[in-house]
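Participant: Listed here are the chains, written in short residue letters.
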Amino acid sequence: MRLRWHHLALWAALVLGMLLLPYLVGNGTLRTMIFANYLAIFAISWDVLSGRTGYVSFGHPFLIGIGAYTTAILTKRFDVPVEISIPLAVVATMVGGLIVLLPALRIKGSYFALVTLAFMELMYQLVQVIRPDLTGGTRGMSGLPTLTRGAVNGFYLSTALMLAIAISMWLLMRTRLGIALAAIGMNEESVRGSGLSVTRLKTFAFITSAFIAGLGGAFYIHYLGSIAPRALFDINFLFTIIVAALIGGAGTVVGPLIGAFFLTFLLEFLRPYLPGAERYFVYGGMALLIYMYQPKGIIALFEAGLGRLGRSR
Amino acid sequence: MLQILIQGFLLSGLYALIAMGFTLIFSVGRVLDLAYGAYLLIGGYTYFHFSQTLGFPAAAGLALAAVVGCAMGLAKFRLIVKPLGGGHVAVEISTLILAVVLQAGVVLVFGDSSKILLPIVPGVERLEGATVPYSNLLAAVASWIILLGLYCFVRFTHTGRAMQAVSMDARGAVISGIDSDRINAITWMISGALGALGGVFFASYTQLYPGMWVAPLIISVAVVIVGGIGSIIGTLVVAHIVGFMEITVSALIAPELRGVVTMLLIIGVLVLRPRGLFGREEI
Amino acid sequence: MFRGISVFGATLVGTLAVAMSAGAQIKVGFIGSLSSDTGLSTLRGAEIAIDELNAAGGVMGQRISLVTADTGEDVTEGIKAYEYLAETEEVDFIISGSIDDVSLGWLPRMQEYRIPTLDTWTSYIGIIDMVVEEPELMEPYFMNIASDEALATLYINFGADVLKARMGWESVVILAEDTAFGGAITGLVTDALAPVAGIEVKDTIVYDIGTVDFAPIFSKAQASGADFIYQVSSVNSQVISSQYVKLQVPMPMTGVNVSALGLEYWDDTGGAGGGISTLSPIPSVGFELDPVSQEFVDTYQARYDSRPKLPHFNGFNAYHGLKQAMAAAEEAGGFGDVSAWAAAMERQDLKLEKDGKLWLRYGFWGRDQIEPVTQRTYPHNALFDLEPPYDFAQPSMVVVQWQEDGSVGVVYPPEYANMDFSVPSWVPVK
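Sequence lines, in order, name chains S, Z and P.
Quick note on numbering: this note's numbering labels position 127 of the first sequence as 127, and the sequence is numbered without any gaps.
Quick note on numbering: this note's numbering labels position 156 of the second sequence as 156, and the sequence is numbered without any gaps.
Quick note on numbering: this note's numbering labels position 255 of the third sequence as 255, and the sequence is numbered without any gaps.
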């Protein structure tokens, strides 16, 4: 594992900056940061699976939804305390990750994307049909226990969660294991040729991604205090996650993080000027332009900018 | 029973038309056009604007919808697919973004609430308890005519044969002197027109609303996956399987289970027979 | 010298006073969908009320300003919107045109911030139950539409008086959407129709609000053998009603169809909406207006030329409700002391008369006041009357019906009716 001091310094600066933030900005901005943190978690989770291994998942809300629904049902219907329901939700999501893994053992590329999309749609339909007395049917559930009260506490909790996940993923990707994962995305055959078990690596990536998705989904739902299938198993939600990862820069840890913050703040920034659907028009249009111009995302634009600065010096 | 048979046939014809445009792109261009549903969206709203709001005749509205779909298809090919140079994932993702942008655009222009298309031909026919609106009948008949026309086009015209060639072996086609760019552009235009026309019929069957691109996209995906890439016959057969399954389930079991069987079909076939039930033939 | 200083001092004081009065203002937040007729009705009702209040010198000498937050009828967006109003805009009062599920989403945030909030569209009785059970937490919350339990109770009378007694229908199949609103109304109607109106419920079919093809659902309804269909639809309602007309389903249908509450219904369905009747909160389309409400409509129509051309009932609720909230603030010395404001809000009472008769009343049930028909309390819910001759307040709802020629009117209760209930021409009369 190679660690450079300036990387560590940058992470330390980020942690410090986030800790100090509540003293610098208002509660409204903190609330926006909370949503950005959760989106960053989801985007990192997507990236572990899709950005690294190249298996593009169009069904990530399926995983997040399993985590969210498990803890929501346990706490709301069975009065299970949150300390127990969240770990259970994470485990359930990891099982869900294995379900998604099954087709990935046989099919690749566009077909894999489609089957995951079908998983998400199936989940949306099933939640309404199977035991609506538990899931709350189409309308979902409200009045779920919340973990924190107030913007500052919610901010610290979500930030701690997001940074813990981001830093561990960053460290993980620096190990041989992480490098092997990325190699699957480049060329699966050559990884197999070099004697590594591709199946085992894929299983690891899918379970890690599901672990993060479950953790994020469970905490997210206990922040919102309500859950609705239409908001969760939705192409627009999927779109936000994928776009955050790609706009920031897929295949990195910092990329999805940057993307999530950029998009969330863009949306909030537009709120006073463009109240309704106009926001999504502008937001989607910008995402499309950035993606068309630089598919590697903001982080690549940034590096290119730095490189140019370096050259001109 | 008769009710199920009639409703099944009407719906399946429409599904075949909708799925065909998607299949074409998948087999000739080898990419998934996730903004395919947006043709239906834009086509439906175009027809609504011209024929219902401005009072153009229905035929003119349909023609305009097809023209707009055609233009969208061409624009999509020139501005998005070609610049991305055929990267599958890149095309899938950018078309997904495009679909969401177009949906927001429709909300901007027409608002959030659903619109109801007047029946293209008003009136109903009753057959022993089964109700057949003339409009749905027209949609099914028109779908069959369009599909037949497409089949003839692909089989018997020079351009159609070139499309077949590109779909079977893009590189080989180029070597034998086919301008694959031109063929691709034509395919995208046809796909757009098919989608837009399908959208008018789909909307007259149901309703117009900004999120209406998702359901037909899922249906197209199901038909393409189960039918295997790029076979007109496969698409037709599977459209009927999906259509009949939906009608049977919602009439006999529970309306809310309607989509579940379609999803299970997609997942089952992809996992068990990744090449689809019908394997790969020419388009 | 002395004079110079005092002039300077006076100028300073004057400037400060101006600066303070310009700075101090009452900030109202609107939460709701900015692209739906429902949301816009509340927003515009509030805008007109605010302009009238400002023209009359504001409230407590302060100007009222309005900021908006869009929910897009999405629960998560609704929570974000409430947070935005509370923490970025720091509003004093929130007026809501949210649908039921969205209100349920942001209610925990309201309890956290304790911002006085008035809901003008949501009618979910579960929220009033929360006011009963947790009066402290729900103190800032008011709902100035009759709750759905009150709507359903009076609707049962319509079933008994008209559907059973006049039309001779004895059994019903319920077609209900799967939403909080649909679930609540369905439960209430199912429980009460048989015992009170003597109408048997043969089957209940629940459908998803994304349903686009109703043909199989209508087939199923017909197969149940019931005399008529009772529909419960608040989202995308024009779809089910227009397909009913397109398919010419040979079975009468009535119930709740929220899209039919707006004047645009006729255009949206392309004229394919005749024969549809719906329960409507008051005032509805086809409802005769008292002079005060008529003046509001005239102002509204002079000011806005986009849809909705006529505000839905929640537009009226927002107009009168916002003025009442400001009057309560004036009594309580502002919105800061929520308990004082809530107590003053409970005392608000506006009676509007038409031709010397009580026509509309805007006020709230007291904490311990028991409604005589349902024998329960409705704290912080709008006043309503469930018994003729409706001299305590207006009925909780009226039934309106669209005719096949595009005209619309009230068919029940008789005291407010201007038209007779009928079935569409293609439905065989029993």
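Derived by calculation from the structure, the hints in this document are not laboratory data.
Among the hints, a few may not be true.
[What the hints assert, rightly or not] If you anchor each label on the Cβ, the simulated ranges turn out as follows:
#, chain 1, residue 1, chain 2, residue 2, range
1, P, Glu288, S, Leu147, 33 to 41 Å
2, P, Ser339, S, Thr148, 44 to 52 Å
3, P, Arg307, Z, Val67, 23 to 31 Å
4, S, Val91, Z, Arg171, 28 to 36 Å
5, Z, Leu127, S, Arg131, 37 to 45 Å
6, P, Ser65, S, Leu16, 54 to 62 Å
7, S, Arg106, Z, Arg126, 45 to 53 Å
8, S, Ile99, P, Gln301, 43 to 51 Å
9, P, Gln301, S, Gly305, 48 to 56 Å
10, S, Gly195, Z, Arg171, 29 to 37 Å
11, P, Gln301, S, Pro87, 55 to 63 Å
[What the hints assert, rightly or not] Below, a list of computed lysine-lysine pairs in the DSBU-like style, where the Cα atoms sit at most 35 Å apart:
#, chain 1, residue 1, chain 2, residue 2
12, P, Lys309, P, Lys354
13, P, Lys309, S, Lys76
14, Z, Lys82, S, Lys202
15, P, Lys164, P, Lys220
16, S, Lys296, Z, Lys82
Glycine residues also receive a C-beta, built at the ideal position from the N, C-alpha and C atoms.
Participant: Each of the hints needs a verdict: does it hold here or not?
Facilitator: Against the structure, the hints:
1. Distance hint check for Glu288 of chain P and Leu147 of chain S: the Cβ-Cβ separation is about 52 Å, which falls outside the suggested range of 33 to 41 Å.
2. The given range of 44 to 52 Å is broken by Ser339 of chain P and Thr148 of chain S, whose C-beta atoms sit roughly 26 Å from each other.
3. Range check, Arg307 of chain P to Val67 of chain Z: about 29 Å between beta-carbon atoms, so the 23 to 31 Å window is met.
4. The supplied range of 28 to 36 Å is broken by Val91 of chain S and Arg171 of chain Z, whose beta-carbon atoms lie about 48 Å from each other.
5. Restraint check, Leu127 of chain Z to Arg131 of chain S: a C-beta distance of roughly 39 Å satisfies the suggested window 37 to 45 Å.
6. For Ser65 of chain P and Leu16 of chain S, the hinted distance range of 54 to 62 Å is not satisfied, since their beta carbons lie about 38 Å from each other.
7. The supplied range of 45 to 53 Å is met by Arg106 of chain S and Arg126 of chain Z, whose beta-carbon atoms lie about 49 Å from each other.
8. As the Cβ distance of Ile99 of chain S to Gln301 of chain P is approximately 56 Å, the hint placing it in 43 to 51 Å is violated.
9. Checked against the given bound of 48 to 56 Å, the beta carbons of Gln301 of chain P and Gly305 of chain S, roughly 55 Å apart, stay inside it.
10. For the pair Gly195 of chain S and Arg171 of chain Z, the supplied restraint of 29 to 37 Å holds, since their beta-carbon distance comes to about 33 Å.
11. A hinted range of 55 to 63 Å for the beta carbons of Gln301 of chain P and Pro87 of chain S is consistent with their spacing of about 59 Å.
12. A hinted pair counts as satisfied when its Cα atoms are at most 35 Å apart, and Lys309 of chain P with Lys354 of chain P qualifies at roughly 23 Å.
13. A distance of roughly 43 Å separates the Cα atoms of Lys309 of chain P and Lys76 of chain S; the hinted pair therefore is violated under the 35 Å criterion.
14. With a C-alpha separation of about 32 Å, the suggested pairing of Lys82 of chain Z with Lys202 of chain S holds against the 35 Å cut-off.
15. Our distance criterion of 35 Å between C-alpha atoms is met by Lys164 of chain P and Lys220 of chain P, whose separation comes to about 23 Å.
16. Under the criterion of a C-alpha separation no larger than 35 Å, the hint pairing Lys296 of chain S with Lys82 of chain Z is consistent with the structure, at around 18 Å.
Hints 1, 2, 4, 6, 8, 13 from the list above are not met by this structure, while the remaining hints are.
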